[in-house]
Amino acid sequence: VAQRMTTEIRKGLGGLQREGFRQVWKLGSEASVDAAKVSRQPLWTDKRDDSGPFDIIGDIHGCADELQTLLGQLGYKVAWSADRGDRTVVVTPPEGRKAVFVGDIVDRGPNSPDALRIVMGMVAAGTAYCVQGNHERKLGRWLEGRKVTVAHGLQQTIDQLDAQDRGLREALPAFLDGLRSHVWLDGGRLAVAHAGLQEEMIGRGSGAVREFALYGETTGEIDEFGLPVRADWATAYRGKTAVIYGHTPMLSAEWLNNTLCIDTGCVFGGKLTALRWPERELVEVPAIQVWSEP
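All the letters of the sequence shown, read from the start, carry residue numbers 56 to 349 under the numbering used here.
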C-alpha cells in the first residue's frame with residue numbers, strides 16, 4: 056500500500072501546476088524536509104487590518120477622463136509627466152485615504168491605457184487596491200497568447216495599447232497576474248469584488264470563489280446575446296459584511312441587503328460612481344458622452 060501511494064504521489068507531482076496552485080515547492084530529500092519551515096499567513100484577499108478610509112470606484116471601462124475628474128472630486132491630486140518618453144502619472148490621495156477599484160478598467164472606452172496607468176500607479180504606490188474584473192482576465196489571457204474571443208471592446212484596448220510606449224505593455228502582464236478575486240477590509244466589515252460575493256466565500260480562495268467574484272451567480276442559461284443569464288444573488292444576501300461590486304450596469308447605485316452595485320454605466324453614457332467608506336456617501340461624475348452602445 057505504501058509503495059502504491061508513493062508511486063501515485065510521484066505521478067501527481069508533474070501536474071501540480073495544472074491544479075491551479077500559484078506556487079509549488081518540491082522537497083526532494085529528508086534533509087530538505089527537516090530544514091523546511093511552515094508559516095501560516097493570511098490570504099492576499101484578507102486585508103481586515105486595513106481600516107481605510109476608502110474610496111471604492113466602479114467600472115471604468117477606459118473612461119480615463121471621467122476617472123481623473125472623479126478622483127479630483129474625491130480629493131486626489133493627479134499629475135502627469137513623461138519619463139524618457141514613457142507617459143507616467145502620480146496620484147496623491149487625501150491624507151489617510153485609499154482607493155479600491157472593482158475591476159473592468161479596460162475595454163469599450165476611449166482611453167484604456169491612461170486608465171491603466173492611473174490604477175497601476177496607485178496600486179504600485181500602495182494607495183489603492185484593485186480586484187480582477189472579467190475584462191482584465193480576458194486581456195491577460197490574450198497577452199499570454201491564449202485563444203480568446205476578441206469581443207466586447209477588447210479589440211479597442213489592443214489597438215490603444217499598440218499605440219503606447221513599451222513601458223506600459225511591459226508592466227501590464229505582471230499587474231494583471233497580481234489581481235485577486237476580492238479584498239476583505241475594515242475588520243471584516245467590508246468586501247469588494249467585481250461581480251459580488253456570497254457571505255461564505257468572503258476571505259477564501261478557490262476557483263469557485265474567483266468565478267463567482269468575476270461573473271456573479273449564473274443560471275447556466277445563455278441569453279439572446281450569447282451572455283450568461285445571471286441570478287440575483289444580492290436579493291438573498293444576509294451577511295454582516297457589506298459587499299460592494301460592479302459588473303452589471305445600473306441606472307443608479309442603491310443598497311440592497313448590505314450590498315451595493317456601483318457600476319452605473321459610465322462607458323454607456325451613464326455615470327462613474329464612487330462610494331466613500333465608512334461614510335457610505337456616493338460621489339458621481341457624468342460620462343462625457345456615450346462611448347459604447349450597450
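Honestly, the hints are just simulated from the structure, not real lab data. Treat the numbers as computed from the prediction; the structure is a model and nothing was measured. Treat the hints with caution; some may be incorrect.
Using 30 Å as the maximum straight-line C-alpha spacing, the simulated BS3-like pairs for lysine-lysine come out as follows [unchecked claim]:
1) Lys-66 / Lys-92
2) Lys-66 / Lys-81
3) Lys-92 / Lys-81
4) Lys-202 / Lys-295
Here is how each hint holds up against the structure:
Between Lys-66 and Lys-92 the alpha-carbon distance is near 25 Å, which keeps this suggested pair within the 30 Å criterion. Between Lys-66 and Lys-81 the CA atoms are separated by roughly 13 Å; this keeps the pair inside 30 Å, and the hint holds. Distance hint between Lys-92 and Lys-81 is fulfilled; the C-alpha atoms sit about 13 Å from each other, no more than 30 Å. Among the hinted pairs, Lys-202 with Lys-295 is inconsistent with the structure: their alpha-carbon atoms are about 40 Å apart, more than 30 Å.
Hint violations for this structure: number 4 only, all remaining hints satisfied.
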